[in-house]
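K.L.:
My request is simple: use the sequences and hints to build the entire structure.
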Amino acid sequence: MPMKNPPHPGLHVRHDCLEPLGLSVTAAAKALGVSRQALNNLV
128 MPMKNPPHPG LHVRHDCLEP LGLSVTAAAK ALGVSRQALN NLV
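This note's numbering puts the sequence shown at residues 128 to 170.
Do not rely on the hints blindly, as some may be mistaken.
As the list claims (entries may be wrong) - Taking CB as the label site, the calculated pair distances span: (1) Ser162 / His139: 17 to 23 Å; (2) Arg163 / His135: 17 to 23 Å; (3) Lys157 / Lys131: 34 to 40 Å; (4) Gln164 / Asn132: 25 to 31 Å; (5) Gln164 / Lys131: 17 to 23 Å; (6) Gly160 / Pro136: 14 to 20 Å.
Derived from the structure by calculation, the hints contain no laboratory data.
Small disclaimer: the values here were computed from a predicted structure and weren't measured.
Backbone N, C-alpha and C define an ideal beta-carbon position, used for all residues, glycine too.
P.N.:
Following this line, the structure appears as structure tokens:
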């Protein structure tokens, strides 16, 4: 049965990755080697 309203992937990234590690979008983007804007567009 298909999902009618799947969650946005950015919710997972923010809730399960950034918040537990205490990372800002800027710090996470730098650690990942991507632009802040690219990561911000995801979350």
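K.L.:
With reference to the structure, classify each hint as holding or not holding.
P.N.:
Hints, one by one, checked against the model:
no.	hint	result
1	Ser162 / His139: 17 to 23 Å	20 Å, holds
2	Arg163 / His135: 17 to 23 Å	19 Å, holds
3	Lys157 / Lys131: 34 to 40 Å	37 Å, holds
4	Gln164 / Asn132: 25 to 31 Å	27 Å, holds
5	Gln164 / Lys131: 17 to 23 Å	31 Å, violated
6	Gly160 / Pro136: 14 to 20 Å	19 Å, holds
Figure legend: structure checked against the earlier numbered hints; the only hint not met is number 5.
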